[in-house]
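Number of protein chains: 2
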Amino acid sequence: MRIAVLGTGSVGRALAARTAELGHQVTIGTRDVAATRAGEHAAWAAQHPEVGLATLAAAAGDAELVANATNGSGSLPALTTAGAANLAGKVLLDIANPLDFGAGFPPTLSVHNTDSLAERIQREFPQTKVVKSLNTMTAELMVYPLRLADGEHSVFVSGDDAEAKRIVTGLLVSFGHTDVIDLGDLSTARGTEMLLPLWLRLYGRLDTANFNVKIVR
Amino acid sequence: MRIAVLGTGSVGRALAARTAELGHQVTIGTRDVAATRAGEHAAWAAQHPEVGLATLAAAAGDAELVANATNGSGSLPALTTAGAANLAGKVLLDIANPLDFGAGFPPTLSVHNTDSLAERIQREFPQTKVVKSLNTMTAELMVYPLRLADGEHSVFVSGDDAEAKRIVTGLLVSFGHTDVIDLGDLSTARGTEMLLPLWLRLYGRLDTANFNVKIVR
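Protein chains in written order, with my numbering: chain A, 1 to 217; chain B, 1 to 217.
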């Protein structure tokens, strides 16, 4: 699959490296290619020569599946820069969380309760098939779930398009996820985004990000 | 321990029956004793003659530990009726969730993100030691955790008073809980109350309330 990963942070890199490792054709999309190339991204890029680097628009335009791995506060602007036409008809795997660090740590949520970042993105890009997933765990476990407890933990998918959820679920399973829970339509992303306040407190308390939720039933 | 359970719903009954079974002296507090006695509560009460029934104020006044098992929307009024003096100096185990069913199912949260029901209660009753716990699972699993996956799932405690959390943790362990996670001060209850939107969607999806979260690490 031709995959565009929008965002050069730890989530974007983890996803890009892992999908490339699995044989996909992967391009990271960034706001300013020259700046990214000249910055601290260079060392990572040198170790992952198989991952391309392009503008947000070029990366998205060329892809079949686009992953939103930008910061939640910058997701809508980044996707707008990527361009509605470049996103139209495609699966958008939305991993971002609407974290607001304006008042320090722990952050609050800038969207919550009666709306979600995923739904905002879907409303802004109605031709795109938004699937929320992977936003409830640390980057490494997103793509290497077997590194914790033999993969005995859960990942959620939310989305309005069944075929898009099927494609994302296939990708998750290829990473090693064994308990993919389809929560239902995209409004169920409110629930997974609102898991972040608990996640952040656990992160502080357990002194590691290497944990995840399992839904025991 | 002398325990008052405020609330006659499924959570209140489960907690009252289980703590009585464990040898505590338990009284259910209700707004209108005569109405509760004459209503559908009568059959349950007949099966649990060891559990007392009293007004909110009498039950709280007589107890060492008070459990708030009222509906979240009615918790502050119920506790006000119970009386600040009757709650002063005591541990208040707050199990309620601020669910707002005004727009149907699934409910939204009436407090969230930068505040929680637990913190509201604490601010209203500063002489009381509020501990939030058990609000992230169905009533039966609160008090019989071993009935699911041999107890291999997690329960959280949040509170500002270390001794009060120790007392609540002891109670949880006596129920059979093996993974009690102390999240920190009472503001961490925002995280567990905000787990409810996910819990409610899982409830809809899994078609059972017999599930719980385990924090795998």
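Just to be clear, a hint being listed does not mean it is correct.
To be verified - Label-pair restraints from in silico Cβ distances:
1) A:S10 / B:S110: 29 to 39 Å
2) B:S110 / A:D150: 36 to 46 Å
3) A:G89 / B:P126: 29 to 39 Å
4) B:T208 / A:A162: 20 to 30 Å
The hints are simulated quantities; they were obtained by calculation from the structure and are not laboratory data.
Don't be surprised by glycine CBs; every beta carbon is placed ideally from N, CA and C.
Against the structure, the hints:
1. A:S10 / B:S110: 29 to 39 Å: Holds, since S10 (chain A) and S110 (chain B) (Cβ atoms, about 35 Å apart) stay within the stated range.
2. B:S110 / A:D150: 36 to 46 Å: Given range 36 to 46 Å: holds, Cβ gap about 40 Å.
3. A:G89 / B:P126: 29 to 39 Å: violated, 57 Å
4. B:T208 / A:A162: 20 to 30 Å: Given range 20 to 30 Å: holds, Cβ gap about 23 Å.
When each numbered hint is compared with the structure, a violation occurs for hint 3 only.
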